[in-house]
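Q: Keeping their order, the protein sequence lines are chains G and P.
Just so you know, the first sequence maps onto residues 1 to 61 in our numbering.
Just so you know, the second sequence maps onto residues 62 to 886 in our numbering.
Treat the hints with care, since some could be wrong.
[Stated by the list, open to error] Residues on chain P that point at chain G, a partial pick, calculated with CB under 7 Å: (1) Leu114; (2) Ala161; (3) Leu234; (4) Gly238; (5) Gln246.
[To be verified] Derived lysine to aspartate or glutamate pairs resembling EDC-like cross-links, with alpha carbons at most 20 Å apart: (6) Lys28/G - Glu179/P; (7) Lys28/G - Glu150/P; (8) Lys28/G - Asp146/P; (9) Lys28/G - Glu229/P; (10) Lys549/P - Glu696/P; (11) Lys28/G - Glu696/P; (12) Lys549/P - Asp40/G.
The set of hints was computed from the structure by calculation and includes no laboratory data.
Idealized CB from N, CA, C, for every residue including glycine.
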Amino acid sequence: MNILLALIPISLALLGLAIWAFVWAVRKGQYDDLDTPALDILVDDEKPLPAAGSRRGVADR
Amino acid sequence: MTHAATCFHCGEHLTAEPLRDSIAGAEQAFCCTGCAAAARWIADADLGDYYRLRQTDAARVGTEAIDYAAWDRADLLAEHSTVVDGGREITVLTDGMRCAACAWLIDRALTREPGVREIAANAITGRIRIVWDDARTPLSALLSRLASLGYRPSLATGEAHEQARRRERNRWLLRLGVAGLGSMQAMMFAEALYLDTSGEMPLPTRDFFRWITFLVSTPVVFYAGWPFIEGMWRELRGRRLGMDTLIASSTLLAYFASLLETVRGGVHVWYDAAVMFVFLLLAARMLEQRARGIASAQVDALARARPALATRERGDGSAEQVPLAALATGDVLRVAVGEAVPADGVLLDDDADGDGGTAFDEALLTGESLPVSKRAGDTAFAGSLCRERPARLRVTHTGADTRLSQLVRLVERAQEQRPAIARAADRVANVFVTALSLIALGVYLWWRVHEPARAFEVALAVLVVSCPCALSLAVPAALAAAHGALAKLGVLALRGEALDTLARADRIVFDKTGTLSDRHPRIVAIDTFGDLDRSRALAIATALERDSGHPLAAAFLEATAQEGGAIAATSARNVHASPGHGIVGEVEGRAWRLGRAAWAAAQDARGGDDEAALWLGDGQRGSARFRLQETPRPEAAEALQALRTQGLSVALCSGDAEQAVARMADAVDIPRGRPHGAVHVRARQTPEDKLAYVRERQAAGEIVAMVGDGINDAPVLAGADVSIALADGAALAQRAADFVVGGGDLRRIPQAVALARRSRRIVRENFAWAIGYNLLALPLAAAGMVTPWIAAVGMALSSLLVTLNALRLTRLPASRAADAHAPRI
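Based on the sequences and whatever the hints tell you, model everything.
A: As structure tokens, then:
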């Protein structure tokens with residue numbers, strides 16, 4: 001039964017890790033929009049674009 | 062490429078000579094320069110994938126240019142945006158986002174603007190969050206870009222409120238995550254204890270497991286379960302026992318009883334029951350709130366709040382934009398066509414031409430179906446829409462003194478005085494808590510007498526086992542499922558408990574203009590005089606109307622389509638509107654006037670200057686007369702019949718004139734006169750009168766549902782037991798209502814009623830199941846025969862049963878599945 005002394009702390013650590021990851025995801029807004037990102041993979045990567053008129057050039061990021 | 066009859070960008074019908082442009086190598090036709098420019102820009106920006114990804118047509122862009130410069134005002138930015146690292150953040154609403162592809166397009170389009178740091182567009186809630194560097198680009202440039210793509214931005218409810226909304230949602234998500242992960246782990250540990258059926262586990266190991274479980278369950282009960290504990294505290298302070306009390310007390314009881322047993326080394330612990338309970342209920346409640354959250358976010362998007370600005374004339378005749386709050390009595394305002402009048406005021410002379418008269422659409426304010434013509438000296442009311450031509454007016458009342466504000470106050474008062482209908486769930490909870498406490502006490506006393514050593518343990522088991530998990534799930538699970546089904550029908554539910562009331566309603570009161578009718582008059586009669594025949598007259602009139610953008614154009618196009626549509630070949634030239642009179646233009650070399658009798662056919666004006674008739678003539682002789690009339694929505698009679706079949710009494714209350722109301726009542730078959738001792742078709746009703754009528758019916762013991770769309774309906778919507786607003790109506794009416802029906806389809810109302818009744822029945826079934834389970838488990842527990850694993854299995858099974866039963870609501874009956882793919886409103 002001594003194995004429990006190792007396994008239970010490990011399970012608790014994994015639980016902590018899972019909760020931390022979940023909190024991180026919620027804080028980062030991963031759950032904010034569940035529909036639009038699904039479309040992103042359907043289109044090709046962005047090409048450098050000539051936008052109309054004075055709005056030439058790409059945004060600052 | 063062949064040109065379709067609809068606009069490439071927005072799918073609307075094309076005019077006789079549509080714009081054409083070559084998009085991605087193919088020629089396309091457009092309804093207006095706005096749509097053409099949007100498609101051009103999308104193609105140039107290499108975002109043509111939008112057309113491939115979208116599921117519905119875009120919103121019409123239109124040609125009307127809106128100046129967003131007002132949004133750059135420091136006072137507005139200070140109020141509606143927040144300073145973030147490297148710029149400002151604002152959330153705007155738009156009603157043009159129809160599918161995820163729109164959100165994608167907005168994201169790509171705005172990200173490219175210089176100075177934009179972050180864009181998050183959400184098609185479900187209609188919100189766009191913009192973080193931009195206000196030193197590099199003004200907000201108005203970004204908003205103009207949005208508007209040029211057909212997404213007209215409007216103000217959200219304020220940045221602080223938006224952030225609070227997001228934070229609240231994230232907090233719920235976190236709670237649910239913690240509850241899910243924590244209860245999973247607690248179950249694992251509990252499992253180890255259950256599997257020790259023969260009691261071979263050494264006591265130290267058992268206690269070790271119990272303490273670990275305690276450690277894992279504590280955050281679940283107190284962090285994830287906090288909303289219930291808070292709710293219980295609120296209910297107890299209000300001296301009533303409700304659902305939250307039931308939930309929180311059973312969770313806390315199971316938790317503390319387990320803790321006690323852990324400390325004193327008792328036989329059973331119930332940590333797993335406590336955490337599972339929290340998790341299941343949290344999930345049910347979150348689903349229900351999510352459905353309602355989406356509904357109210359969409360209603361916000363419909364509200365189209367703009368920065369409240371008015372155009373004020375300076376002393377020298379130039380104009381400036383000022384916030385509404387800065388308006389004072391005596392100021393001179395300009396109101397453009399299609400704009401809402403910002404304050405009550407008197408119309409002024411216009412030096413350009415003549416009398417300064419114009420028409421105001423007061424349908425939302427009074428229920429009058431046709432625009433009201435006003436001349437200089439007449440009063441225009443805040444909230445009415447300016448038609449035909451721009452108006453100048455001198456402010457007589459501002460802010461809280463306007464007719465609009467009086468109605469808003471009436472709404473608030475009516476809401477406060479809404480008769481309280483006790484919620485079934487709270488009543489059940491009340492009885493349940495009381496009965497359970499008494500039984501537990503009885504069991505304890507009985508065991509105390511017969512076997513004192515086990516008395517405490519058995520009484521605890523009774524309380525924990527009858528922990529009303531299924532009972533508490535009964536309502537939220539049914540509500541969550543019902544809200545999902547309502548959304549599929551195209552009905553947004555804004556208040557949870559309203560569904561129960563809708564199921565019990567026995568009278569349904571309709572407004573006329575905009576509710577039973579769709580505010581667009583139709584041509585009901587064409588009389589011709591002289592040389593023209595019927596279809597020829599219609600063809601000429603349609604040609605004149607089609608390109609005028611006149612509000613009545615739709616009526617003529619529709620009539621033409623009904624006649625066979627062959628007339629569409631005729632086209633008109635040199636068309637222009639003569640404000641207050643009608644339209645002038647040339648058709649096949651001949652000059653025509655279409656409008657008021659005295660102006661289009663001065664000599665022939667038979668039958669007086671009837672507001673509802675349009676004449677076609679050359680100015681002297683009349684060739685044809687078109688009689689326009691408000692007609693009921695095509696499905697209105699069917700919807701009302703369905704409601705009657707469901708046993709509801711139908712009534713009609715309108716602000717319009719006696720004759721128009723009587724005609725409508727006959728058209729949709731609502732009996733006039735006094736069929737049961739009271740008049741249920743009422744004309745010329747002010748908002749106060751309508752409210753009084755509803756109060757009168759409520760006093761007679763009826764549960765009254767109200768269906769309306771206008772600002773004038775808002776007070777009665779707020780005062781009725783349950784209320785339904787139409788999505789194409791006024792924002793104030795929607796905020797006062799419990800349900801918003803999308804797509805202007807009245808048939809959704811009987812469908813919603815049927816759904817409400819089904820969900821009421823399912824809630825009852827759920828209650829019966831839950832109580833049945835308790836009746837079964839209680840005697841066993843009282844006899845001291847229940848072990849924690851039996852309790853856990855019983856609880857899980859009964860909860861599962863209740864949830865599955867509730868899920869039946871999401872399935873629509875086959876007859877309705879056909880029209881259930883609801884368009885977003």
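Q: Flag every earlier hint the structure violates by its number, smallest first.
A: 11, 12
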